[in-house]
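Residues per chain, in single letters:
Protein chains: 2
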Amino acid sequence: MHPAARGTLYLVPTPLDFGIKQDVPASAGEWLPAETWMTASRITHWITENAKSTRAFLKRIDAVHPLAAPLQAQHVVELPKAAHKKGDHVPHADVDAQARELLSPAELGHDMGLVSEAGMPAIADPGSSIVRAAHTLGVRVVPLTGPISLMLALAASGLNGQSFAFVGYVPQDTLERAQRLKELESLALKTGQTQIVIETPYRNAALLQGMLQTLHPHTRLAVCGALTLPQQVCRSALVNDWKRDPRLAASLPLEAPCVFLLGR
Amino acid sequence: MHPAARGTLYLVPTPLDFGIKQDVPASAGEWLPAETWMTASRITHWITENAKSTRAFLKRIDAVHPLAAPLQAQHVVELPKAAHKKGDHVPHADVDAQARELLSPAELGHDMGLVSEAGMPAIADPGSSIVRAAHTLGVRVVPLTGPISLMLALAASGLNGQSFAFVGYVPQDTLERAQRLKELESLALKTGQTQIVIETPYRNAALLQGMLQTLHPHTRLAVCGALTLPQQVCRSALVNDWKRDPRLAASLPLEAPCVFLLGR
Numbered sequence: 001m002h003p004a005a006r007g008t009l010y011l012v013p014t015p016l017d018f019g020i021k022q023d024v025p026a027s028a029g030e031w032l033p034a035e036t037w038m039t040a041s042r043i044t045h046w047i048t049e050n051a052k053s054t055r056a057f058l059k060r061i062d063a064v065h066p067l068a069a070p071l072q073a074q075h076v077v078e079l080p081k082a083a084h085k086k087g088d089h090v091p092h093a094d095v096d097a098q099a100r101e102l103l104s105p106a107e108l109g110h111d112m113g114l115v116s117e118a119g120m121p122a123i124a125d126p127g128s129s130i131v132r133a134a135h136t137l138g139v140r141v142v143p144l145t146g147p148i149s150l151m152l153a154l155a156a157s158g159l160n161g162q163s164f165a166f167v168g169y170v171p172q173d174t175l176e177r178a179q180r181l182k183e184l185e186s187l188a189l190k191t192g193q194t195q196i197v198i199e200t201p202y203r204n205a206a207l208l209q210g211m212l213q214t215l216h217p218h219t220r221l222a223v224c225g226a227l228t229l230p231q232q233v234c235r236s237a238l239v240n241d242w243k244r245d246p247r248l249a250a251s252l253p254l255e256a257p258c259v260f261l262l263g264r
Numbered sequence: 001m002h003p004a005a006r007g008t009l010y011l012v013p014t015p016l017d018f019g020i021k022q023d024v025p026a027s028a029g030e031w032l033p034a035e036t037w038m039t040a041s042r043i044t045h046w047i048t049e050n051a052k053s054t055r056a057f058l059k060r061i062d063a064v065h066p067l068a069a070p071l072q073a074q075h076v077v078e079l080p081k082a083a084h085k086k087g088d089h090v091p092h093a094d095v096d097a098q099a100r101e102l103l104s105p106a107e108l109g110h111d112m113g114l115v116s117e118a119g120m121p122a123i124a125d126p127g128s129s130i131v132r133a134a135h136t137l138g139v140r141v142v143p144l145t146g147p148i149s150l151m152l153a154l155a156a157s158g159l160n161g162q163s164f165a166f167v168g169y170v171p172q173d174t175l176e177r178a179q180r181l182k183e184l185e186s187l188a189l190k191t192g193q194t195q196i197v198i199e200t201p202y203r204n205a206a207l208l209q210g211m212l213q214t215l216h217p218h219t220r221l222a223v224c225g226a227l228t229l230p231q232q233v234c235r236s237a238l239v240n241d242w243k244r245d246p247r248l249a250a251s252l253p254l255e256a257p258c259v260f261l262l263g264r
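Quick note, the sequences are listed as chains A and B, same order. Oh and the first sequence: position 110 is 110 in the numbering used here, straight run, nothing missing. Oh and the second sequence: position 147 is 147 in the numbering used here, straight run, nothing missing.
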């Protein structure tokens, strides 16, 4: 089923500070395990959301563990535009065919790395069409360990981690957002399933405001921001307490990526 | 809000090989980031699911990064029995009061570590009552990076990672299990939300069998087992293909912890 001649597709997580600052902090190596750095340093063929940030990531890898091939000799290709824009999580003949094409180096025996902008590829990020194609082609798929902001936030929330759902973004329109938040809250209170939501940083403050206006006073709301970064903060309290103590919201790094969680 | 005198509660992930083998493999240090090892080595007060395995974990930490206090001087306390048995994800006055008591070292200024048997505490494992209590007491909560089998499996499944739910265990009874699987499948197909399920290893084979008998031929089923271990395997295919090619199921390490995922 897996001829020895085929390469492996590694799912390579990246540190969570990409997109926040361009300079490499002294502690860049500290948030990925040695296994991830070592494996990544041996890869020469990459599929990515963004070639530029992947080249910056390759420089980081090289600083921690020397690259097997110099930066100029690394093959970096971007995901098909369609996958990038609309997401590639819905199987689609065209996207899936393009994904198989991108994996041709693996069919020729090269190990490949799939990366996204920050965190784990194919989780709250594109890349799943590449993984499906690998399974179709009989290319071995190996996920590597790294920070996943949704799960760091879930653990730090104190909310139910035995049953939870990540539902992506909520609508931007105030009324639609309120309606969606009510829906998610009612599901969370009825079933006990923690609901996890994200937002683009410049709308974080509006989302938090909307949550405090919309949710029941006894619903628990947790917000974790700037995870793994020096300015990281996690707050978890009943909606009532968020309203009573404005210092809770004021202490959050809402300008950085944040994860919002609600439940009972 | 957070007097400087208080300690921090660190959520400390452990390698995924605990409970599988007792000996420390040469690569023990490779699956946790340096930041996690270094932070863990400075902690002297622990809250855990199981004191014995936490002492074994402390030996591993010491081998990677010397412990700040010798093993005999480390304070290791177990979660309240109620939290351990039934789970502590449902807020309950007694469990929450006990959790606050366990955090008294943090109130006195000691940093504390929360750990579970394998992976991330409070995700598919107990510990959330301690995290809620920390927020109530104004003790800072900091999650550390490590392997989370549910997310490694989700990334490697090729299934939708933009919307997913972890629903825990399914019933053991054959008919009830079939009914629950049908429910989860119908939700996944209707909403596109990937459904993630786990089982105790000795029932993995029966669950896989049940899934192949119950699910629609065009539903995608992924199974990932022994994640981060040498015998790790991830398979993802349509139910039809699982049935047509018995080598897919035969190649899985079903005797090890596995994650099951279904979707479209």
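Just so you know, the hints here were simulated from the structure itself, not pulled from any lab data. All of these numbers come straight from a predicted model, not from anything done at the bench. Careful: at least some of the hints might be erroneous.
Any copy, or any two copies together, can satisfy a pair, since identical chains are not distinguished.
Stated by the list, open to error - No more than 25 Å apart at the CA atoms, straight line, and that leaves these computed lysine to aspartate or glutamate pairs for DMTMM-like:
1. 182 to 107
2. 190 to 245
3. 190 to 94
4. 190 to 96
5. 182 to 111
6. 243 to 78
7. 243 to 62
8. 190 to 176
9. 52 to 30
10. 190 to 241
11. 182 to 94
12. 52 to 183
13. 243 to 125
14. 190 to 125
15. 59 to 30
16. 59 to 183
17. 190 to 107
18. 59 to 94
19. 243 to 96
20. 182 to 30
21. 190 to 49
22. 190 to 78
Going back to the hint list, which numbers does this structure go against?
1, 2, 5, 6, 7, 11, 12, 13, 16, 17, 18, 20, 21 and 22
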